[in-house]
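Enquirer: Next come the chains, spelled out residue by residue.
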Amino acid sequence: MSKDDFLLEAEGLHKSYRMGATEVSVLRGVDLAVKKNEFIAVVGASGSGKSTLLHILGALDRPDKGVVRFEGRDLKRMRSGELNRFRNKMVGFVFQFYHLLDELNVLENVFLPTMAGKSVIGWLGSRIWAKKRAGELLGLLGLSERASHKPYQLSGGERQRVAICRALMNEPRLLLADEPTGNLDSVTGNGILNVFEELNRAGQTIVMVTHDERIAQKASRVITLADGKIK
Amino acid sequence: MYKVILAIRYLVRRRISCFSVAATALCVFVVFVVITVLSGLTAEFKRNMHRAVGDCVVSSKSMVGFGYYEQFVKILEAEDFVEAVAPVIKSYAIVDYQYGGRQRSDRGVEIMGVEPTAHSRVTGFSEWLEYDKGNVGNVFTPRYDPNLVGCVPGVAVLFDRDSEGGYKIAEELPRTKFEITSFPLTARGALAKAGAGEVNTKTFYCSDVAHSRLARADGNRIYLPFEDAQMLCGMGTVRKRVNGIHIKFKPGVRLETGRDRIAGLWQEFVVSKAGASGANLLENVRVQTWKTYSRVFVAAVETEQTMMIVIFGMIGIITVFVVFVVFYMIVSHKSKDIGILKSVGVSRGSVLALFLGFAFLVGVIGSAIGAVGGWQFLLHINQIEDWLFEHFEFQLWDRRLYAIGDIPNAIDLKVLAGIMLSAIFACFVGAAVPSWQAARCEPVDTLQVSQL
Chain A
1 MSKDDFLLEA
11 EGLHKSYRMG
21 ATEVSVLRGV
31 DLAVKKNEFI
41 AVVGASGSGK
51 STLLHILGAL
61 DRPDKGVVRF
71 EGRDLKRMRS
81 GELNRFRNKM
91 VGFVFQFYHL
101 LDELNVLENV
111 FLPTMAGKSV
121 IGWLGSRIWA
131 KKRAGELLGL
141 LGLSERASHK
151 PYQLSGGERQ
161 RVAICRALMN
171 EPRLLLADEP
181 TGNLDSVTGN
191 GILNVFEELN
201 RAGQTIVMVT
211 HDERIAQKAS
221 RVITLADGKI
231 K
Chain B
232 MYKVILAIRY
242 LVRRRISCFS
252 VAATALCVFV
262 VFVVITVLSG
272 LTAEFKRNMH
282 RAVGDCVVSS
292 KSMVGFGYYE
302 QFVKILEAED
312 FVEAVAPVIK
322 SYAIVDYQYG
332 GRQRSDRGVE
342 IMGVEPTAHS
352 RVTGFSEWLE
362 YDKGNVGNVF
372 TPRYDPNLVG
382 CVPGVAVLFD
392 RDSEGGYKIA
402 EELPRTKFEI
412 TSFPLTARGA
422 LAKAGAGEVN
432 TKTFYCSDVA
442 HSRLARADGN
452 RIYLPFEDAQ
462 MLCGMGTVRK
472 RVNGIHIKFK
482 PGVRLETGRD
492 RIAGLWQEFV
502 VSKAGASGAN
512 LLENVRVQTW
522 KTYSRVFVAA
532 VETEQTMMIV
542 IFGMIGIITV
552 FVVFVVFYMI
562 VSHKSKDIGI
572 LKSVGVSRGS
582 VLALFLGFAF
592 LVGVIGSAIG
602 AVGGWQFLLH
612 INQIEDWLFE
622 HFEFQLWDRR
632 LYAIGDIPNA
642 IDLKVLAGIM
652 LSAIFACFVG
662 AAVPSWQAAR
672 CEPVDTLQVS
682 QL
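Sequence order for the protein chains is A and B.
With the first letter of the first sequence counted as 1, position 218 gets the number 218 in this note's numbering; the numbers rise by one all the way through.
With the first letter of the second sequence counted as 1, position 193 gets the number 424 in this note's numbering; the numbers rise by one all the way through.
These are calculated hints, taken from the structure and not from any lab test.
Check each hint, because a few of them may be wrong.
[To be verified] Within a straight-line C-alpha distance of at most 30 Å, the following computed DSS-like cross-link-like pairs (lysine-lysine) qualify:
| hint | chain 1 | residue 1 | chain 2 | residue 2 |
| --- | --- | --- | --- | --- |
| 1 | A | LYS132 | B | LYS321 |
| 2 | A | LYS150 | A | LYS36 |
| 3 | A | LYS76 | B | LYS321 |
| 4 | A | LYS65 | B | LYS481 |
| 5 | B | LYS277 | A | LYS118 |
| 6 | B | LYS321 | B | LYS481 |
| 7 | A | LYS36 | A | LYS229 |
| 8 | B | LYS504 | B | LYS471 |
| 9 | A | LYS89 | B | LYS471 |
| 10 | B | LYS479 | B | LYS277 |
| 11 | B | LYS305 | B | LYS522 |
| 12 | B | LYS479 | B | LYS522 |
| 13 | B | LYS522 | B | LYS471 |
| 14 | A | LYS132 | A | LYS231 |
| 15 | B | LYS364 | B | LYS504 |
| 16 | A | LYS131 | B | LYS481 |
| 17 | B | LYS479 | A | LYS150 |
| 18 | A | LYS118 | A | LYS150 |
| 19 | A | LYS150 | A | LYS35 |
| 20 | B | LYS305 | B | LYS292 |
| 21 | A | LYS231 | A | LYS36 |
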């Protein structure tokens, strides 16, 4: 297998946090390689460092030690503007608690990444496309009727689907999902997992963090994180 | 674009934002009203002072005065930049008079001897007359007996103020007799006729009253015919003297330029009189603009105005603090939003711009509300005061005590623009630290489950 087949590579990731007087090592040398079109589930007990790993892979956090390469480029060497563009264009995040902006309606939440990535003039030029794309994504996930609703008017499953639409808005190469079903009942959670499976079948690379091994079985590869290392 | 949308939505949907808007509006309202009213009072006072003095004054530092004034008046009248010239006698006297059933004995007043026509060309004297406005030619001739010698007391010497800021002026010119006793001084500064134990006393009859709108002049000054005043002050001797020459410049002549030219002429005049009798008195003479001449009074009013503006300007600091607190609360409450925005690639600068844009909106809306409110309040300030007086007998300034009529309410758009810009700047200052904190938020810190 050539290096070009890997979308994301992590080598020797270390991360620790200071909690009062003690330092807690969360990651202790994690190595991970994600191939294009792969659907990986990262499982582990609560506090095992799953979310920390996901944040580092998506450049929301920096490792104390180690390297993360995206399509061969070291994230550490990227300047802050490049990292912002990376988060805007290359990755899409889905969080356990959806994290939608209460001040925006569903449609606005979905096209937020496109709006955030453009200047006012750039946005004026692409807003028709962005609204159309956001509408299509909402249609794909069965939320067309909810476009003008506010997040608080939606159910948990609907909010998570809106969050998925937002994550997919800029057609990212990598979708990172942190306990996407953790706050949903099993039926709704299964619905979300089905969406992920369909996306993966369509070619989307996904890294999903979950503490539930049954949910992890939906992924094509399962990685277990324990004591800060991959088992 | 999201910055504009979110800034507007934060403003509209966060009720707490209303506090910062209200604080800004209140600050702009109060400062605008206070500055307008105080500036109006100061400007009116200066205008009245200017009208009372003319543009420039050549005056002696000593009560003895100076001679040769007639020659210098002629020199001035020949100058192309001089509009009018009026010599004056200025001194102090004791007066006895009776009006309205009250006997006023031994009252100290300022006497001012003027040539009414000349003085009116330099100052607003003819317009101040209450009974025969504009007719200065016969101002010292009492209409009830042209054979008597008239005088023009300040309006407050005879009449009391009413509650609306005017004076209770009698319909008929009062036939009041004024016994004026002065202290004539020789050219050497000694009391004239001191050895004989005499003082100059003369009786005058009220021929009009002057309302200059300057409390000091209206309450303590009596205008007398020039020659009579000169005689009373001991200045009508062989070498006639005056205390000052008031000058009005032609339109377009700058005050300082005119003053400098007069000073130059005076220097030449003093040199030409070197060695002449009484020439030493010419060295006590100053040439001043009306502003410098009146600086004791003007400076007091300006100091009061500055103090008030500083005190009310401090309200701006309170606005900064209110905006700071409100923004601190909003940023704390919106930390999740900041994390979300950063997770979709929004930069620190953009987060900073978002919250500073929000502060700008607060500043613009708050100052617009304050400006409109202040404008409306000022437009109706006198009606409001009248209403308060009618219903509660409340007056901001008791007109029986203060020499003002209507409360000044002329709006200066430059002042208003300055206040509004300062308010917007204050909002930026108040929002700066919380906005910077928001910009520095790490997304991973704000999006953690434990932070929600």
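Enquirer: Is the Cα-Cα distance between LYS305(B) and LYS522(B) 30 Å or less?
Expert: holds (25 Å)
Enquirer: Checking one constraint from the list: CA of LYS522(B) to CA of LYS471(B), max 30 Å. Satisfied?
Expert: The given pair, whose Cα atoms are some 28 Å apart, holds under the 30 Å limit.
Enquirer: Decide if the proposed pair is consistent with the structure: LYS150(A) and LYS35(A), CA atoms, cutoff 30 Å inclusive.
Expert: Given pair LYS150(A), LYS35(A) is violated - Cα atoms ~37 Å apart, limit 30 Å.
Enquirer: Are the Cα positions of LYS132(A) and LYS231(A) separated by 30 Å at most?
Expert: Status violated; Cα separation ~44 Å.
Enquirer: Take a quick look at whether LYS305(B) and LYS292(B) sit within 30 Å of each other, Cα to Cα.
Expert: Between LYS305(B) and LYS292(B) the Cα gap is close to 22 Å, so the pair holds against 30 Å.
Enquirer: Need the status of pair LYS36(A), LYS229(A): alpha-carbon distance at most 30 Å?
Expert: Holds, at roughly 23 Å.
Enquirer: Is the hinted pair LYS131(A) and LYS481(B) satisfied, with a Cα-Cα distance of at most 30 Å?
Expert: Answer violated: LYS131(A) to LYS481(B) is near 71 Å, above 30 Å.
Enquirer: Has the given pair, LYS504(B) with LYS471(B), been kept, meaning a C-alpha gap of at most 30 Å?
Expert: holds (15 Å)
Enquirer: Run the distance test for LYS150(A) versus LYS36(A): straight-line Cα separation, threshold 30 Å.
Expert: Violated - the C-alpha atoms of LYS36(A) and LYS150(A) are around 35 Å apart, more than 30 Å.
Enquirer: Just to be careful, I want the Cα atoms of LYS118(A) and LYS150(A) compared with a cutoff of 30 Å; is the pair within it?
Expert: holds (24 Å)
Enquirer: If you draw a straight line from the CA of LYS89(A) to the CA of LYS471(B), is it 30 Å or shorter?
Expert: violated (97 Å)
Enquirer: For the pair we were handed, LYS65(A) and LYS481(B), check the Cα-Cα distance against 30 Å.
Expert: violated (85 Å)
Going through the hint list in order, the structure does not satisfy hints 1, 2, 3, 4, 5, 9, 14, 15, 16, 17, 19.
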